[in-house]
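Each protein sequence line maps, in turn, to chains Y and L. Note that the numbering used here gives residue 36 to position 36 of the first sequence, counting from 1, and the numbers run on in steps of one. Note that the numbering used here gives residue 1095 to position 95 of the second sequence, counting from 1, and the numbers run on in steps of one.
All the pointers check out, no bait thrown in.
Below, simulated SDA-like cross-link-like pairs (lysine to any residue); rule was C-alpha separation at most 25 Å, straight line: (1) L:K1202 x Y:T186; (2) L:K1202 x Y:R228; (3) Y:K120 x L:D1312; (4) Y:K120 x L:V1315; (5) Y:K5 x L:D1271; (6) Y:K158 x Y:A20; (7) L:K1245 x L:G1362; (8) L:K1202 x Y:G13.
For the record, the hints were derived by calculation from the structure and aren't laboratory data.
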Amino acid sequence: MQWTKRHLLGLEGLSREEIATVLDTAAIFKEILGRPVKKVPTLRGVTIANLFFEASTRTRMSFELAEKRLSADTINFSASTSSVKKGETLRDTARNIEAMMVDMVVMRHSSAGAPHFLAKHLDASIVNAGDGTHEHPTQALLDLFTMREHVGELQNRKVVIVGDILHSRVARSDVWGLKALGAEVTLVGPTTFMPAEIEGMGASVSQDLDRAAEDADIVNILRIQRERQEGGFLPSLREYTRLFGVTSERVAGMRDDVVIMHPGPINRGVELAPDVADGERSVILEQVTNGVAVRMAVLFLISRVRASERTEDAELLAEVSI
Amino acid sequence: MKRILIRGGRVIDPAAGTDDTLDVLIDDGRIAEVAGSIEADDVSTTVDADGRIVAPGLVDIHVHLREPGNEDAETIESGSRAAVHGGVTTVAAMPNTEPPIDTASWVEFVASRKAAARVLPVAAITVGRRGENLTEMAELRTAGAVAFSDDGCSVLNAALMRRALDYARMVGVPVVSHCEDPALSGNGTANEGLSSTRAGLKPVPAAAEEVMVARDLILAGTTGARLHVAHVSTAGSVELVRRAKADGLPVTCETCPHYFSLTDEEVLTYDSSVRVNPPLRSRTDVEAIREGLRDGTIDAIASDHAPHTHEDKEVEFDAAPPGMIGLETLLPVTLTNLVDGGVLDLPAALALLTHRPAGILGLPHGTLAVGSEADVCIVDPTTSRTIEASWFRSKSKNSPWIGRKLRGTVTTTICRGEIVSAENGGDTGADPSASPGRGRKLAVHA
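Excised from the complex, chain Y in its bound form:
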């Protein structure tokens, strides 16, 4: 057991052993998800609040399903119906939710660092479900889990991440996780989509997808948001697709066993051709399945840390009372 953290705010700074612990635990939960009865009582009595200050369907459903499979009690909060629109601050919102004796908070927010802010102010454990363009740790963990299922240990494996790296929290978390596990990471995309000094995170950068991906074990394709063209990042989506779109012709130039991934939702025909998305190298739907198992693992491991804190408190109290 290598997991001692009471929050999951990002993958930056996590050790190889900690990540391996999550992935190993997720494998157990994935097995449970394959049973006829998919539910375990592991988190019975634990209350989890899902705070989604930013729209998300997939991640939210995945977390909710993970929580239900673990028998946790859940409450949901979304910005569209929330008091945030009435001017309530994040801290007040969170304190109200904590006053309801919530144990864990799953949080999606458009501001980078918002989960760190909450972690400073609340006793509840915080699981970052995506903060601005900072990190999306559970997405990266499910990516790593899926990669490991297909290529085995990731030490020295070559991973290409292609697309809008600048605005991608997934890319940042993937890089931290992959580097911790010893993989080689190449980030591919137009120069306008490359964050400053990203090489400092340990990844290399290329603008030549064909060359970067020719010997890659895995190609992970990021979503291109159409509004980026209006923001001046791209001359046109057409040109983006021509330079960086993953088509079957491009895949033909890659290794036969290359694994094609995408965090979804896909812009079919922009960053990824439909026949590749649905093709035999694609593991996109497996990623979705694995997401539930990985999130169960994260919630479980954090709840174990909380439970051990409570035990230590109880032991301390017992000593004092003696």
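Here the structure of chain Y is known, so what remains is to put chain L in place on it, guided by the hints.
Positioned in the frame of chain Y, the structure of chain L alone reads:
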């Protein structure tokens, strides 16, 4: 007639090149004598300065006092109390208040408020700081404006900026330029670099500052007007100013303590007290700022004291308004990071806090010259303290120095010949603008 004798301190007056153990006699609000051993009759207060530094009161030419409009964050009175607590006796108050200081009556309002320090209004360059029409600069100058600035944003229209410089030249005061191209800075909150990439914060490139510095230097050359570049934060800006000075342009610039002390790695904590505009920069920029201070390219250190309430700052990093308070930490941060850091000796560091900023605005302050108004800052250089929020006199506490150790304690501040802040007694609540000959008697704690 009030006579104060400061005995036996290390008197450092960079304007005069003085650095010696001397006495200072203040008589009727002015420096009467600076000499080895002064025997004076009828001294109302004697301050023992043995082991302490006796310097001119500090001159901070870039301060936000938030009044009118945001008095919950700061008022002219509370901000001036913070000033004298930090040894600052003269502050230039920026006009980005609500409403902005763009009419003579608002300039007079700022100048006339009760204050423990000398508060000098800076007036807006353009009406409403909207960047469309020039303010009535001549009238504003007559009302007491010491400079013009739309601080908080650049005058984007280059032709208008040219006219502003031209007109200010006629009026005889400098234009203080906030150099930022908003098209490049966008809604960024952190310096563009590895830290902004790691933190996922929207980046502000150095170029956002530098293209505007370059533009304004060119316009200063075109007009011959006096341009002062505010809060320089990048290596490129320092180099641009260095070259402009070498070309003989009438240009000055300032930096702030955080730009020579903190790097952009601070944003990785998401502590909103380090959200400033321009943002904290890279280690390379910090080194370039230090070099600019060393070689004289940078003319002054200003605090850019920017108070914000706890409620305003205690939010997500990108939702927090930019700015940190700085009046009270101006000197200790300079001593700790420039003097102890081996960048400047003490007299050179004090010059950047006294007569050199005064010179930028053409003020007769920042000196202990006989006959000048008696503004004095007495410092115990031996003490270090861990800064606590409760130590600040400012209404706001948004400081990244809380919890960090800084050297140097201002033990006594004298403004216009009145002791306005003293150790143990704290600030005296004195109001020099209302005293000798103007009414109010002071409780002196020395």
